[in-house]
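2 protein chains.
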Amino acid sequence: MVNIIHRIGIRSSAENVFKALSTIKGLSNWWTEETEGDERVGEKITFTFRSETGDIKGQMAMEVHELNPQKNIIWRCISGPDEWIGTEITFELSQQDDQIIVIFGHRNWKEQVEFTAHCSMKWAVFLLSLREYVETGKGKPSPRDLKIDNWN
Amino acid sequence: MVNIIHRIGIRSSAENVFKALSTIKGLSNWWTEETEGDERVGEKITFTFRSETGDIKGQMAMEVHELNPQKNIIWRCISGPDEWIGTEITFELSQQDDQIIVIFGHRNWKEQVEFTAHCSMKWAVFLLSLREYVETGKGKPSPRDLKIDNWN
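Chains A and B, in that order, are what the protein sequence lines are. Just add 3 to the spot in the first sequence (first one is 1) and you have the working numbering. Just add 3 to the spot in the second sequence (first one is 1) and you have the working numbering.
Please note: incorrect hints may appear among the correct ones.
It does not matter which identical chain is meant; a pair holds if it fits inside one copy or across any two.
[As the list claims (entries may be wrong)] In silico SDA-like links for lysine to any residue, alpha-carbon gap of 20 Å or less: (1) K150 / T93; (2) K113 / R43; (3) K60 / A17; (4) K150 / E135; (5) K150 / D101; (6) K143 / V128; (7) K74 / T49; (8) K28 / G89.
Please keep in mind that the hints were generated in silico from the structure rather than gathered at the bench.
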C-alpha cells in the first residue's frame, strides 16, 4: 500500500485546528468552498472542486469514521476518483513546542501512480492553506487554491 | 521501501528547469544558498542548511549518479541524516501542455518515520521555490525558506 504523509505545525490551539478539520465551515475555508454534508461520525461529507468557469473538476465523498476532539480524525473515501475509493484520510494532532503538529495521511492507495504524485503535492499546498486559515482567518480553498501543474 | 513523490508543473523550457536542477548555481537559488561541489556525474555536491543565526541545522552530500539533459537526474545520498543515507533523489522531466512537468522522488527510505512526513512537506515547499525561481528568477532557498513546523 502507498501512503502520502505530511507534517505541518500551526501556531494556534488544538481546539481551533480540530475545528478547521472537523466542521463543514472549517473545511470549506481551506480545502474547498463547496463542502456539504453532515460532519458527525458515520455520516458523509461531500467535497466538490470546480474550475474558475464553474465546471466540476472533481467530487469526492468521505464517511467520517473517527472523530476524537483535539486528537485525531479518520475519513474513508466512499466515492470520487477510482484511485481514491477505499483510501483513508487521517489527521493526528499533538502539541510540540508552541505549535499544534498535524500529521496528515492519505493512506492505502493501491499503487503509486502519477496521480498520487499530483495529490501529494496538492495536499501539501492545501495544508499550507489550512495553516493560513487557522492562523490568519483566511485560507486558499478551491476554487481560489494555488494551482500546481497542468492537472490543477 | 518508502518513497516521497511529488508532481509540479513549471512554465518554462526544459533547458531552464534542467539547469535549475543540475547546476550549483541553479540549486543554490531554490534549495539552499550554501550549495558547493562538483555537479558532474560521479562527483559530489554538498548542501548546507543553517538557522537564521548561522548555526548548521543540516548538511548532506549527494553523489551525482545520472544526468540526462532535459530528461532526468538521479542523486544518491552519501552523507547526512541517518535516515537519508542510501536514499535516492530523482527528478524526471516531461513536456505536457504548456508546462514542464517535474516528477520529484526521494526514494528508498528504510521506513516511514515522522521525519519522512516532515521531509515530504518540506520538499513540496522547496518545489514551489524551484518553480518560483525558474519562472520569476527568485526562489526561496534556505535560509530564506518557508518554515513548516517546529523542526524547520
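Hint by hint, here is what the structure shows:
1. K150 / T93: Classified as neither; 23 Å inside a copy, 23 Å across copies.
2. K113 / R43: Classified as neither; 27 Å inside a copy, 37 Å across copies.
3. K60 / A17: Result: close neither inside a copy nor across copies, 32 Å intra and 28 Å inter.
4. K150 / E135: Both ways: K150 and E135 sit 16 Å apart in one copy and 13 Å across, limit 20 Å.
5. K150 / D101: Intra 30 Å, inter 14 Å, cutoff 20 Å: inter-copy only.
6. K143 / V128: This pair counts as both: shortest intra-copy Cα distance 9 Å, inter-copy 16 Å.
7. K74 / T49: The answer is neither: 23 Å in one copy and 39 Å across copies each exceed 20 Å.
8. K28 / G89: neither (25 Å within a copy, 44 Å between copies)
This entry does not satisfy hints 1, 2, 3, 7, 8, going by the numbered hints stated previously.
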